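In order, the protein sequences belong to chains A and B. For the first sequence, the residue numbers in our numbering are 1 to 465. For the second sequence, the residue numbers in our numbering are 466 to 812.
Hints were generated in silico from the structure; no laboratory data involved. Some hints could be false.
Below, a list of computed lysine to aspartate or glutamate pairs in the DMTMM-like style, where the Cα atoms sit at most 25 Å apart [what the hints assert, rightly or not]: (1) Lys-143(A) to Glu-73(A); (2) Lys-254(A) to Asp-568(B); (3) Lys-442(A) to Glu-352(A); (4) Lys-257(A) to Asp-568(B); (5) Lys-254(A) to Glu-775(B); (6) Lys-56(A) to Glu-589(B); (7) Lys-170(A) to Glu-576(B); (8) Lys-56(A) to Asp-137(A); (9) Lys-56(A) to Glu-573(B); (10) Lys-722(B) to Glu-775(B); (11) Lys-56(A) to Glu-561(B); (12) Lys-257(A) to Glu-573(B); (13) Lys-244(A) to Glu-779(B); (14) Lys-254(A) to Glu-573(B); (15) Lys-56(A) to Asp-568(B); (16) Lys-56(A) to Glu-577(B); (17) Lys-124(A) to Asp-92(A); (18) Lys-170(A) to Glu-577(B); (19) Lys-56(A) to Glu-576(B); (20) Lys-257(A) to Asp-734(B); (21) Lys-254(A) to Glu-779(B); (22) Lys-254(A) to Asp-728(B); (23) Lys-170(A) to Glu-573(B); (24) Lys-257(A) to Glu-779(B); (25) Lys-254(A) to Asp-734(B); (26) Lys-194(A) to Asp-568(B); (27) Lys-14(A) to Asp-71(A); (28) Lys-427(A) to Asp-137(A); (29) Lys-170(A) to Asp-568(B); (30) Lys-606(B) to Glu-523(B).
Not close to chain A: a few residues of chain B, all C-beta gaps over 10 Å, as computed [what the hints assert, rightly or not]: (31) Gln-496; (32) Lys-511; (33) Asn-550; (34) Trp-594; (35) Gly-749.
Quick caveat, the model's predicted, so the values are computed rather than measured. Note that the Cβ used here is the ideal one computed from N, Cα and C, for glycine as well.
One-letter residues, chain by chain:
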Amino acid sequence: MLDGAGATRPHYQKFRGLLEEIPPDDFRQRRHSVDLAFLRQGITFNVYGNEKGAEKIFPFDLIPRIIPAGDWEFLERGLTQRITALNLFLHDIYHEQKILKDGVIPPYYVLSGKHFRREFVNFKVPRDIYIHICGTDLIRGSKGEWMVLEDNGRCPSGVSYLLENRRAMKRSFPGMFESIGVQPVEHYPQELLKMLQYIAPGGVADPTVVLLTPGACNSAYFEHTYLARQMGIEIVEGRDLMVKDDNVFMRTTKGLKQVHVIYRRIDDDFLDPTVFRRDSALGVPGLIRAFRQGNVSLANSIGTGIADDKVMYYFVPRIIKYYLDQDPLIPNVPTWLASEEADRKYILENLENLVVKAANESGGYGMLMGPKAGAAEIAKFRELIAADPRNYIAQPMILLSQHPTQVADGFEGRHIDLRPYIVYGEKITIVPSGLTRVALRKGSLVVNSSQGGGSKDTWVLYGDQ
Amino acid sequence: MLSRVANSLYWMSRYIERADNTARLVETSLQLLLDIRNLDDQHLAKQWLPIVQAAGDEEAFSKLHPKATGAAVTEFLVFQAQNPNSIVQCICQARENARMVRDQITIELWEELNRLYLFVISPEARQTWKQSPSDFFSEIKAASMHLTGIAYATLLQNEGWWFTQAGRFLERADKTSRILDVRHQSLPAAGVPGAISQREALEWSAILRSCSAGDAYKSIYGADVHPVRVAEFLVLSEDFPRSVRFCAAQVNTALRKISGVPDGRFVNDAERHAGRLLAELQFGTVEEIFERGLHAFLDDLQIQFNRIGEALFEAYFFLSFAALGETDFVQQEEQQQQGAPGEPGWN
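Using the sequences and the hints given, assemble the complete structure.
Here it is as structure tokens:
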């Protein structure tokens, strides 16, 4: 919002003018009514292991993050480039494996990937699309440059917060949208449904699309029901489905009804107890066979997890170059691989300055923040890395960009990131916005909600001011 | 419609109705005590135990409370977490069922139910209860009527709607019969009762009030309250929306809307039992009921309601539970946790 000298950047000027017209008490009041509305509407996530009041709202900050049209067009191009390349990569490693044969990526890294599904080699997925929905985490460095922090190509969450944040902002500041000119986001569910219908098995004129949820205990359950309702499709649990003669049916009060497309919000491992985890009661026995027979389509496809393996992240610039013969528009954060000898040496010598991440965890599991860690934790990671180098990467500590945020007595800068949502169907669609997460605690770089994280609405302007 | 969804809609409205009826029952009993003075422990227990029996939870109650005092009974019926049928627990379960079918109900219905839930689990609820039980019950009853009104005004009247109707009226029929049974010990086991004392008249008036039937009763029978007329009104009235016959007719209609089978025929046991019960109530007389004994008659009614509920489960919901097997799927859900936004495991 502000430049280095403290002056308002051009694309924030209109907003700031309007904001200053609102008395501080009035502003606090609006903030309070938004919190209350979220609680009443049940826009909450579940906190595990806490019986009473097990639902919490995701704190919401009323100062929007604003992105000028020019920046957004750049991001859109960069993200489209990235998803296109990742999809070509998945198709290749599940077919000819040219990229491995040409020595661009050492085969060992792909074949040893925890989420590489060798059972699906030479299997043709509908329309050759693997990642139908991708949530890519972006950050800005100290010079304002955009970087990709990670790709989420399995079951990315959070888009419902993007949509609900926008609704809350429209209720709180109805006048602002018109005078500032903010691009709409409300068409996301239609785009999602269009994509799901597009990937239906061939020859099905009016496909039945369902959303498969682990159930009401899942932390993202609000989002599942929200999206199902917005798309007007049925939300099902594993026990609502059954497979007969390699076709998938849902159990209704009028008997069985065939299902053609499943937007699954369950990880690969739990989808089908006859193929993956045997103890999974969330999935549907026989689902994978039905998928292999081409009688049901899945979004996202199976085996996409290899593309968001953090070691694969290291190779994404090469992947883009290999398939598209282009340089990446949005660069990666500099990364070292613990399994490369020179890199490992560097990592082990600089542990206290680096962020170390486990290759197949997400959202902060198995992570070392070197500059903030104690000696014991650093020693523990030293051992972990030595024991299983394939499983670790390291990155420099990036000082995320900051954004003015409401605090107890006024506004202060807080660190933020951004997750846009990419839908890959007949064409690639990215609604002009994203989920901006903010570290509400002063100086914190952690946007996780348990540690004082929240979110903001993200406005993409029609113009550059 | 998914069987699981139909089941949740059915229980959502059934639990709302149950919370409402329990509030009526407890409130009326509290008011009744204001009219009666000088009660010792034994007499108190005589007043309160039938209330627990009317709610159908005598066994659970005696496990938790050694004595049927007013404080114990009201705690048990209003707040007690270990009593799945306490008002607070009913609302929690109604809301949990609504959450599971959040995509099937309107935002208006959800927000009101969620608001009621947030109220009953807040410290404010107990505060209100302590200061004025009557304010607390008014809140519960008003919210329940508001919910029913929102449901009528906003829900699509499709198959799911008829499952909510079946749940609502089956519960109401059951509770009306139980409320009517509260004073059965003052009646002869069989035969038509004679004149009653003034105090008994007060008790029967309280029963009418529990069912919001005080004014409607007077408009038909005048100010004279007698158990035979009360029973006739609460069991056999064709027009009173809380009478057993009215509710049975609604259940019967709902079942037929679900299956599309016309009156006079049946394709499943739920329809058969409901049709038979309705005919019995349409063509029965209150004299017959008392010849047999009101308590025995009401007991039998409750068995018939259970039979309809079980048959409904068999016909429409069983499919979704048959798949469950022995695995504890709740545990599975927790293993599959994806974490909160930005939490470990959130991806």
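Status of the hints after comparison with the structure:
Annotation: proposed proximity of Lys-143(A) to Glu-73(A) holds, straight-line Cα distance about 19 Å (limit 25 Å). Restraint check for Lys-254(A) and Asp-568(B): satisfied, since their Cα atoms lie roughly 20 Å apart, inside the 25 Å limit. Taken as a hint, the Lys-442(A) and Glu-352(A) pair is honoured in the structure, with Cα atoms around 22 Å apart against an allowance of 25 Å. For the hint linking Lys-257(A) to Asp-568(B), the alpha-carbon distance of about 19 Å falls within 25 Å, and the restraint holds.
Distance restraint check for Lys-254(A) and Glu-775(B): the Cα-Cα separation of roughly 18 Å lies within the 25 Å cut-off, and the hinted pair is therefore satisfied. Of the supplied pair hints, the one linking Lys-56(A) and Glu-589(B) holds, its CA atoms being roughly 19 Å apart against a limit of 25 Å. In summary, the hint linking Lys-170(A) to Glu-576(B) is supported, as the alpha carbons are separated by about 19 Å, within the 25 Å threshold. At roughly 23 Å between alpha-carbon atoms, Lys-56(A) and Asp-137(A) fall within 25 Å of each other, so this suggested pair holds.
Restraint check for Lys-56(A) and Glu-573(B): satisfied, since their Cα atoms lie roughly 21 Å apart, inside the 25 Å limit. For the proposed pair Lys-722(B) and Glu-775(B), the alpha carbon gap of about 18 Å is at most 25 Å, so the pair holds. For the proposed pair Lys-56(A) and Glu-561(B), the alpha carbon gap of about 15 Å is at most 25 Å, so the pair holds. For the hint linking Lys-257(A) to Glu-573(B), the alpha-carbon distance of about 30 Å lies beyond 25 Å, and the restraint is violated.
This hinted pair checks out: Lys-244(A) and Glu-779(B) have alpha carbons roughly 22 Å apart, not beyond 25 Å. Restraint check: the Cα-Cα separation between Lys-254(A) and Glu-573(B) comes to about 28 Å, which exceeds 25 Å; the hinted pair is violated. As the CA atoms of Lys-56(A) and Asp-568(B) are separated by approximately 20 Å, the hinted pair is consistent with the 25 Å bound. Between Lys-56(A) and Glu-577(B) the CA atoms are separated by roughly 18 Å; this keeps the pair inside 25 Å, and the hint holds.
Simply put, Lys-124(A) and Asp-92(A) have alpha-carbon atoms about 11 Å apart, close enough for the 25 Å limit, and the pair holds. Between Lys-170(A) and Glu-577(B) the CA atoms are separated by roughly 22 Å; this keeps the pair inside 25 Å, and the hint holds. Between Lys-56(A) and Glu-576(B) the alpha-carbon distance is near 16 Å, which keeps this suggested pair within the 25 Å criterion. In summary, the hint linking Lys-257(A) to Asp-734(B) is supported, as the alpha carbons are separated by about 24 Å, within the 25 Å threshold.
At roughly 13 Å between alpha-carbon atoms, Lys-254(A) and Glu-779(B) fall within 25 Å of each other, so this suggested pair holds. Among the hinted pairs, Lys-254(A) with Asp-728(B) is consistent with the structure: their alpha-carbon atoms are about 20 Å apart, no more than 25 Å. Under the criterion of a C-alpha separation no larger than 25 Å, the hint pairing Lys-170(A) with Glu-573(B) is consistent with the structure, at around 19 Å. At roughly 19 Å between alpha-carbon atoms, Lys-257(A) and Glu-779(B) fall within 25 Å of each other, so this suggested pair holds.
For the given pair, Lys-254(A) sits about 16 Å from Asp-734(B) by alpha-carbon distance, which is consistent with the 25 Å threshold. The suggested pairing of Lys-194(A) with Asp-568(B) holds, with an alpha-carbon distance near 19 Å, which does not exceed 25 Å. Our distance criterion of 25 Å between C-alpha atoms is met by Lys-14(A) and Asp-71(A), whose separation comes to about 18 Å. Taking the CA atoms of Lys-427(A) and Asp-137(A), the gap is near 21 Å; set against the 25 Å cutoff, the hint holds.
Distance check on the hinted pair: Lys-170(A) and Asp-568(B) sit about 23 Å apart at the alpha-carbon level, within 25 Å; holds. About 24 Å separates the Cα atoms of Lys-606(B) and Glu-523(B), which keeps this hinted pair within 25 Å; it holds. Consistency note on Gln-496(B): stated as away from chain A, and its beta-carbon is indeed over 10 Å from all of that chain's, at 32 Å minimum. Annotated as non-interface, Lys-511(B) keeps its C-beta farther than 10 Å from every C-beta of chain A; the closest such distance is 36 Å.
Even its closest Cβ contact with chain A, about 20 Å, leaves Asn-550(B) beyond 10 Å, as expected for a residue assigned away from the interface. Distance to chain A confirms Trp-594(B) as a non-interface residue, since its nearest Cβ pair spans about 18 Å, more than 10 Å. Against chain A, the non-interface label of Gly-749(B) holds: every CB pair exceeds 10 Å, the least being about 32 Å.
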